[in-house]
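K.L.:
These are the residues of each chain, in order.
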Amino acid sequence: MGAKQTYTQDELIILIREKNQKAFSYLYDNYSQALFGVINGIINDVEESEDVLQKTFFKIWSSFASYDTEKGRLYTWMLNIGRNLAIDSTRSKHEKIKSKIQSTSENVYKFENNLRAEDNNYDAIGLTTLLNELKDEHKSIIDLAYFEGYTQEEISKKLNLPLGTVKTKVRQALLKLRELTKKEFIN
Amino acid sequence: MKINEVISSGLLESYVLGTTKPEETAVVNKLCKEHPELLKEIEAIEESLMNFSARVSTPVNHELKNKIEAHLTFNSEESPVAKIISIKKETDNRLTIYKLGIAASLLLFLTSLMYNVRLNRMYSKVNAELAELNAAKSYMAEQMNIQQASLVTMNMELQILADPKVKTIALKGMNSLDKKSAMVHMNMETYAVYFNASALPATPDEKQYQLWAIVDGKPVDAGIIDMKSTAQVFQKMRSIKGAQAFAVTIEQIGGRPTPTMETMCLLGNV
Chain A
160 MGAKQTYTQD ELIILIREKN QKAFSYLYDN YSQALFGVIN GIINDVEESE DVLQKTFFKI
220 WSSFASYDTE KGRLYTWMLN IGRNLAIDST RSKHEKIKSK IQSTSENVYK FENNLRAEDN
280 NYDAIGLTTL LNELKDEHKS IIDLAYFEGY TQEEISKKLN LPLGTVKTKV RQALLKLREL
340 TKKEFIN
Chain B
18 MKINEVISSG LLESYVLGTT KPEETAVVNK LCKEHPELLK EIEAIEESLM NFSARVSTPV
78 NHELKNKIEA HLTFNSEESP VAKIISIKKE TDNRLTIYKL GIAASLLLFL TSLMYNVRLN
138 RMYSKVNAEL AELNAAKSYM AEQMNIQQAS LVTMNMELQI LADPKVKTIA LKGMNSLDKK
198 SAMVHMNMET YAVYFNASAL PATPDEKQYQ LWAIVDGKPV DAGIIDMKST AQVFQKMRSI
258 KGAQAFAVTI EQIGGRPTPT METMCLLGNV
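Residue numbers (the working numbering), protein chains in the order written: chain A, 160 to 346; chain B, 18 to 287.
Everything labelled a hint here was simulated from the structure, so no lab data went into it. Computed from a predicted model, the values in this text were never measured in an experiment. It is possible that part of the hints are untrue.
To be verified - When the alpha-carbon atoms are kept at most 35 Å apart in a straight line, the in silico DSBU-like pairs for lysine-lysine are as follows:
1) A:K341 / A:K317
2) A:K316 / B:K19
3) B:K196 / B:K224
4) A:K181 / B:K38
5) A:K181 / A:K218
6) A:K230 / B:K84
7) A:K181 / B:K47
8) B:K38 / B:K57
9) B:K38 / B:K19
10) A:K316 / B:K38
11) A:K294 / A:K316
12) A:K214 / A:K316
13) B:K47 / A:K335
14) B:K100 / A:K230
15) B:K82 / A:K298
16) B:K182 / B:K197
With the sequences and hints as input, model every part of the structure.
P.N.:
In structure tokens:
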């Protein structure tokens, strides 16, 4: 048995508040790849995404006092920081401020294109299967809700769907995602 | 709201995505504290999202971690809390669970042992009390039977005495039974004879009292008096017709056909 250290979210929070180096290491090892995926999904530029990921961790570390467990999960809070920094970055890069609602980038589709274009050493085949198994409507829901940080009201407006339907579809999409990532994990 | 309804409502997904309203967030936090299965569900949603976004991009450059670490300030001193968390995590989790399990079962065993001992004591005590009560009950039942029997006897004797045809004959003590007395009750119509020996002293072991009726000047055997019977005061003797007097002699066990005149101790005329 590998004696890999695991912390509960509460323990990790205590340690980060104390600026414990082990806690940073743990935080980075467990969350950086997921955050990077979201950031790169928005920016679609590895080098710039790495830059934004760096800024994200600086901000997480420096403003950790403002994180309130009562306001949500630690990952949700970090995701917000990373996503906002990524969105800011694309806006300044293009030097034009687009309203979030009008933005039509479809990140999940971009991944598919990236996968075909690049010959990377990561598990592209498994991921392609995973993406193929997601219905288009689930892809766009995950894209908007997770990568772009749209609220459900915003998704409802954008996709012209009733709010109740959006709620159901978000749940369905994430359930499908859960099923697929679980399958992946077993494989 | 039922937990399954919460899970299927989509609220938890919104919570993880960070799109819940503050009041909804508060509800989820509160429910999580009450129902650990909700937290499990949230963690599963979070894990699938993290898993997904981690996989849709190239792996992060390994150098990046060191670069970030170089810019951060850390607290080199471990606080007591940090130490506790580290120590706790260093011990094998599975071992901890076993230890906890053993401790818990030991505690359970001791508790049940104590409880059993207490229960056993209570049981013995109750059992003893029950035995006592039962003994008291049977004693009372016995007493009641005795009382009942004596009441029946007394009623019978009362009936005998209350009968106007019954005549009471007092026998006066003489010789060895000087100053003693006994009574004979005789029904003048049926000639039934009853002897009341309650005031007589006990005879020696090998002797018995014997009652004689004097009919036409001759003694007629009226029966042996049983001094051991305590159930009744009156002893029914042989019915004798035309008795003029009654006498009692002391005879060998089993009695004799004719009285031993020297041992006559009671005598009374009808």
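K.L.:
Hey, B:K38 versus B:K19, does the alpha-carbon distance stay inside 35 Å?
P.N.:
holds (20 Å)
K.L.:
Going straight from one Cα to the other, do B:K182 and B:K197 come out at no more than 35 Å?
P.N.:
holds (26 Å)
K.L.:
Please verify whether A:K181 and A:K218 have alpha carbons no more than 35 Å apart.
P.N.:
Satisfied, since the Cα-Cα distance of roughly 18 Å is no more than 35 Å.
K.L.:
Given the hinted pair A:K230 and B:K84, is their Cα-Cα distance within 35 Å?
P.N.:
Status holds; Cα separation ~30 Å.
K.L.:
Between the alpha carbons of A:K181 and B:K38, is the straight-line distance 35 Å or under?
P.N.:
It holds: about 34 Å lies between the C-alpha atoms, which stays within 35 Å.
K.L.:
Within 35 Å, alpha carbon to alpha carbon, are A:K316 and B:K19?
P.N.:
Judged against 35 Å, a Cα distance of about 30 Å means the pair holds.
K.L.:
For A:K294 and A:K316, compute the direct alpha-carbon distance and say whether it is at most 35 Å.
P.N.:
holds (20 Å)
K.L.:
Please verify whether A:K181 and B:K47 have alpha carbons no more than 35 Å apart.
P.N.:
holds (30 Å)
K.L.:
Taking only the CA atoms, is the gap from B:K100 to A:K230 under or equal to 35 Å?
P.N.:
holds (28 Å)
K.L.:
Does A:K298 lie within 35 Å of B:K82 when you go C-alpha to C-alpha?
P.N.:
holds (31 Å)
K.L.:
Decide if the proposed pair is consistent with the structure: B:K47 and A:K335, CA atoms, cutoff 35 Å inclusive.
P.N.:
Distance of about 27 Å is within 35 Å: holds.
K.L.:
Hinted pair, alpha-carbon criterion (35 Å max): B:K196, B:K224. Please report holds or violated.
P.N.:
holds (20 Å)
No hint from the list above goes unmet by this structure.
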